[in-house]
Structures are given as structure tokens and as C-alpha cells.
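Chains as they are written, first to last, in the numbering used here: chain A, 1 to 152; chain B, 1001 to 1291.
Simulated from the structure, these hints should not be mistaken for lab results.
Bear in mind that the values here come from a model prediction, so they are computed numbers and not experimental data.
Errors might be hidden in some of the hints.
Unchecked claim - Straight-line alpha carbon distances no greater than 27 Å define the calculated DSS-like cross-link-like pairs of lysine-lysine that follow: (1) K1043/B - K1013/B; (2) K50/A - K1239/B; (3) K1038/B - K1025/B; (4) K1255/B - K67/A; (5) K1255/B - K62/A; (6) K1048/B - K1072/B; (7) K35/A - K1255/B; (8) K1105/B - K1025/B; (9) K1233/B - K50/A.
Claimed, not checked - A few chain B residues facing chain A, derived, Cβ under 10 Å: (10) K1025; (11) A1030; (12) K1035; (13) S1089; (14) A1096; (15) D1167; (16) G1172; (17) I1174; (18) P1181; (19) G1183; (20) V1186; (21) G1249; (22) K1255; (23) V1258.
Backbone N, C-alpha and C define an ideal beta-carbon position, used for all residues, glycine too.
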Amino acid sequence: MDVKFVNPFINAITTVLPQLGFITITRGKLSTREKAMPSLGVTVLVGFTKSVRGNVAYNMTKESACKIASTMMMGMPIVDFDEMAQSAISELSNMLTANVATNLASMDFEVDISTPSLTLGDGFSVKISDMPYLVIEMNIDGNLIEINMDLH
Amino acid sequence: MKEVRVLIVDDSKISYMMLTKMLEKTNFKACDYAKNSKEAIEKYQIHKPDIITMDMNLPDGDGIETSRHILKLDPNAKIIMISAMKDVSLMLKGRAAGIRSFLQKPVDPNEFIDTLSLLYQNEINMRTILEESYSKPLVKIFQRELFKLSGLQGKMMLEETIDTDFDVNGTGIILGLTGNPSGRIVIYATDTTMIEFARLVLNLDDDDDLSEEAAQDAFEEAANILMGNYVSKLNDVFKNNEIRLAPPGIITGTKIRVLNTKLKSFKITAKTRIGDLEMSIGFAGRQDEWM
Chain A
1 MDVKFVNPFI
11 NAITTVLPQL
21 GFITITRGKL
31 STREKAMPSL
41 GVTVLVGFTK
51 SVRGNVAYNM
61 TKESACKIAS
71 TMMMGMPIVD
81 FDEMAQSAIS
91 ELSNMLTANV
101 ATNLASMDFE
111 VDISTPSLTL
121 GDGFSVKISD
131 MPYLVIEMNI
141 DGNLIEINMD
151 LH
Chain B
1001 MKEVRVLIVD
1011 DSKISYMMLT
1021 KMLEKTNFKA
1031 CDYAKNSKEA
1041 IEKYQIHKPD
1051 IITMDMNLPD
1061 GDGIETSRHI
1071 LKLDPNAKII
1081 MISAMKDVSL
1091 MLKGRAAGIR
1101 SFLQKPVDPN
1111 EFIDTLSLLY
1121 QNEINMRTIL
1131 EESYSKPLVK
1141 IFQRELFKLS
1151 GLQGKMMLEE
1161 TIDTDFDVNG
1171 TGIILGLTGN
1181 PSGRIVIYAT
1191 DTTMIEFARL
1201 VLNLDDDDDL
1211 SEEAAQDAFE
1221 EAANILMGNY
1231 VSKLNDVFKN
1241 NEIRLAPPGI
1251 ITGTKIRVLN
1261 TKLKSFKITA
1271 KTRIGDLEMS
1281 IGFAGRQDEW
1291 M
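The shape of chain A in the complex, shown without the other chains (with noise of 0.2 Å):
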């Protein structure tokens, strides 16, 4: 757990959301977390590697993740988290990740991403480290994205 990776990751939203169509981007809280979490809903899964190593989880709602991707479709409207609002999703999760490497590596660290897990389902839960690890919740045009960081 390093409070100096925080910074990359709202960086990273705030830079990439915008370009995608999200109007009101802020932070909630942030918090340490132990142990396995509850998936929303929707987790996606990255790791890093080199320099810095660890795994990130974005989780949200599906009302939210449909929310999200209707906002990358221009609007279009999506009930179900299907095939093109789980693409959009996924999508989401690299292009925040290859922004976050991006920031790491104008602190001076090399790193490298994996590709997405999407994970789906009701009542299942995740665990990304066996230490203490940061959440940051961030409300997207009034969608809740809670990031869940372990890297060091």
C-alpha cells in the first residue's frame, strides 16, 4: 500500500473520462481495505509489472457499468450489460490503465499492464493482496467507480 500511486490513477480519470464524453468527475473517499472485497457487480481486474507490481479491481454497479458505456456510445441507451457494454467496460479499464502506466512512468517508473479480467456476477467476492490495501471511490456523472489498488 503506497499513497503515492493515488495520484496517477485520478489523474488518469480525470484526463481520460472527459475525453469520453463524463461531464462531473470527482473524488470521494479514500480508505484501506483488508482481505477479499464484494464485487458491485462488475469487477475488472489489471495487473502491473516491472518496476512497480501489483493488481488494480474497478468495480461498480451494472446499473452503472451500463451507465458508463451508454455515455462512451454517444448516448446510446443500454439495459443490459451486454457484448458492446461489456467491450465499452473493458475498454474503459485499458485506456484508464495505459494512462495510469503512462503517469508512473514520468515518475520514473517502468511498468507494464496486463490485459483486463472482466468479471461478472451476483454475491461473489475478490481478493487482490493479502496486506492492507487503498480504495478510492469516484463518482462519474453520478456513477460510483470504486478502485481498488495494490502496488508496490
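Please build the complex by placing chain B on the supplied structure of chain A, with the hints as guidance.
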């Protein structure tokens, strides 16, 4: 070199002539030209081209809709979208429809040839390479490490699972792969199998207690060892691919859907006396540049 046939769909004859000109002196050849959506579908069926270039705006429909039609007829059709605008929403729609690559007008000749080459070679080479050099060695390492860790004899099965999502019921260990290619691995089992497996790995007696958390830790560690071995083997063979393994993440629950969208993936199953230990390995390839 084998001739690779390209069907060009564009309502402008000039665009068609320009693209055809770019293909001169290459092994790609424009086999025909379709000026609208209807013709594109007809001519696709007549020629069965290796690759299609698809203009976004057609007089009787849009390029994405036309691509959907063609992909319904042949899910393996390789389509390159060419459009005047390069916007994210369009690309997401196109990608969801199954379009492989995107180019912006005016098309740069080198980029065009590179895209065609990548698309064509990827298709023939990537699948073989991924199966022969990446997946088959993993089957052997999985079997060997399974035996070393737990004494279990696994009857191994390998199948290709392109774009097939799967469910984890129990526990899954997710490990990201970075480098070339990037990807991810999920090793999963039912909780009953996982606990039995952990007891074998930890060499416990029948009356020893084992918490579910401790069993998960053992499962995670075993997955990590197995994949660590695999990755170092890959790096011995492919010296410049810099393949690395991210730390494990664990998912637990029932009916957790794991998506395989846009990944070339393989499923490996080890059938053992305590149940199936399953693994999905998916590669993203190198087509992420088009965003």
C-alpha cells in the same frame, strides 16, 4: 508468395482506385469492388475474399451494419473499417460487431499494407503459434507441476475457446500476463476440489483441520508456482518477449462469469480423482494499437 485477395467496399470509385494502386507490387490484390451494402454482401459470397475493406458510409446502409451481415454469413471474415472520422464510439461499435482494424481517410499507403499484412499473418500464424508454442507447453507444465505439488495424476485436455465466456463456481486465481503477447490466466476449481487439492499440497492428514482461507492460500501459491514455471519456460524460448506475471487476484463465489471477449483463448482441464482443475489462458495479441 501466395496472393491474398481483398474486396474493396466503397461508394467512391476514386477511393477504390487509390486503394488498388496502393496494393500494386504487393501480394495483396483487389479481387473486386462493391459500391454499396447490397453489392458488398453479394460479392463477399461470390469471391470469399481473404480480407474486406469497408467504407463507413454507403448509399444504402452503414459499414457496421454491412459488416454484421457479412460476419453472420462468415464469422471468420476479416474486415478493415475505413472511415473519414475516427471516433471512439464508432470504433467500439465496430469492434463489438467484429471488425478487426480501423483506418482513417486519407489512408496512408504504408499503414494500409501493414494493417493488411498484420491481419492476414496474424490469422494464420497467431493461432498456430499460440497453440503450439504457448498452450501445448502449458499443458505439459500443468500436468508435471500438478504431480509435483500434489501427487495427482491429471488426464489433460486442451481446447480452443475463442470468444467463449466461462463461469467460475468456487475459487478462481487470476494472473495477468504482460509483455508480448499480453494476456491473462484463470485457474479455477470448485471449493470441494480446491480444498482436497490444498490438503494434498500441504500434505495434511485426514484429521487435520484446514480453513477455507488457508486452502485458498495454498491454491493461490500452487497457481503462482505453476505459472512462474511456465513464464520462465516461455522466456527461455522467446528471449525478447519480456513476458511477466502479475501477482494473483482471487475470485470466490458461484456463477462468476469471466469474459473472454476479443481474446484468443484456450481451456486446459486436468481431470483428477478429486475433480477437475481448470485453466483458461487468453492472449490479447498485438492488435491493441488501433484505438
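Here's how the hints hold up against the structure:
1. Restraint check: the Cα-Cα separation between K1043/B and K1013/B comes to about 16 Å, which is no more than 27 Å; the hinted pair holds.
2. The hinted pair formed by K50/A and K1239/B meets the criterion: a straight-line CA distance of about 16 Å does not exceed 27 Å.
3. About 30 Å separates the Cα atoms of K1038/B and K1025/B, which puts this hinted pair outside 27 Å; it is violated.
4. A distance of roughly 24 Å separates the Cα atoms of K1255/B and K67/A; the hinted pair therefore holds under the 27 Å criterion.
5. Only pairs whose Cα atoms come within 27 Å are accepted, and K1255/B paired with K62/A is accepted, the gap being roughly 15 Å.
6. In summary, the hint linking K1048/B to K1072/B is supported, as the alpha carbons are separated by about 14 Å, within the 27 Å threshold.
7. Straight-line distance between C-alpha atoms of K35/A and K1255/B comes to about 21 Å, which keeps the hinted pair within the 27 Å bound.
8. Note on K1105/B and K1025/B: the hinted pairing holds, with a Cα-Cα distance of about 22 Å set against a maximum of 27 Å.
9. Restraint check: the Cα-Cα separation between K1233/B and K50/A comes to about 18 Å, which is no more than 27 Å; the hinted pair holds.
10. At its closest, the beta carbon of K1025/B sits 36 Å from a beta carbon of chain A; the interface hint therefore is violated under the 10 Å criterion.
11. Given hint, A1030/B at the interface with chain A, is violated; its Cβ is 31 Å from that chain's nearest Cβ, farther than 10 Å.
12. With its C-beta approaching chain A no nearer than about 28 Å, K1035/B sits outside the 10 Å limit, and its interface hint is violated.
13. Given hint, S1089/B at the interface with chain A, holds; its Cβ is 5 Å from that chain's nearest Cβ, closer than 10 Å.
14. Satisfaction of the interface hint for A1096/B is found here, the shortest Cβ-Cβ separation to chain A being roughly 4 Å, below the 10 Å cut-off.
15. With its C-beta approaching chain A no nearer than about 8 Å, D1167/B sits inside the 10 Å limit, and its interface hint holds.
16. Hint status for G1172/B: holds, given a least beta-carbon distance of 8 Å to chain A, under 10 Å.
17. A hinted interface residue such as I1174/B counts as satisfied when its beta carbon comes closer than 10 Å to some beta carbon of chain A; here the least separation is about 5 Å, so the hint holds.
18. The interface hint given for P1181/B holds, since its Cβ lies 9 Å from the closest Cβ of chain A, which is under the 10 Å cut-off.
19. Because the beta carbon of G1183/B sits about 5 Å from the nearest beta carbon in chain A, less than 10 Å, this interface hint is met.
20. Against a cut-off of 10 Å between C-beta atoms, the interface hint on V1186/B holds, since the closest Cβ of chain A lies about 7 Å away.
21. The interface hint given for G1249/B is met, as the beta carbon of that residue sits about 5 Å from the closest beta carbon of chain A, less than 10 Å.
22. For K1255/B, the shortest C-beta to C-beta distance to chain A is roughly 5 Å, which falls under 10 Å, so the interface hint holds.
23. The beta carbon of V1258/B comes within 5 Å of a beta carbon in chain A, closer than 10 Å, and the hint placing it at the interface holds.
Hint compliance for this structure: hints 3, 10, 11, 12 are broken, all remaining hints hold.
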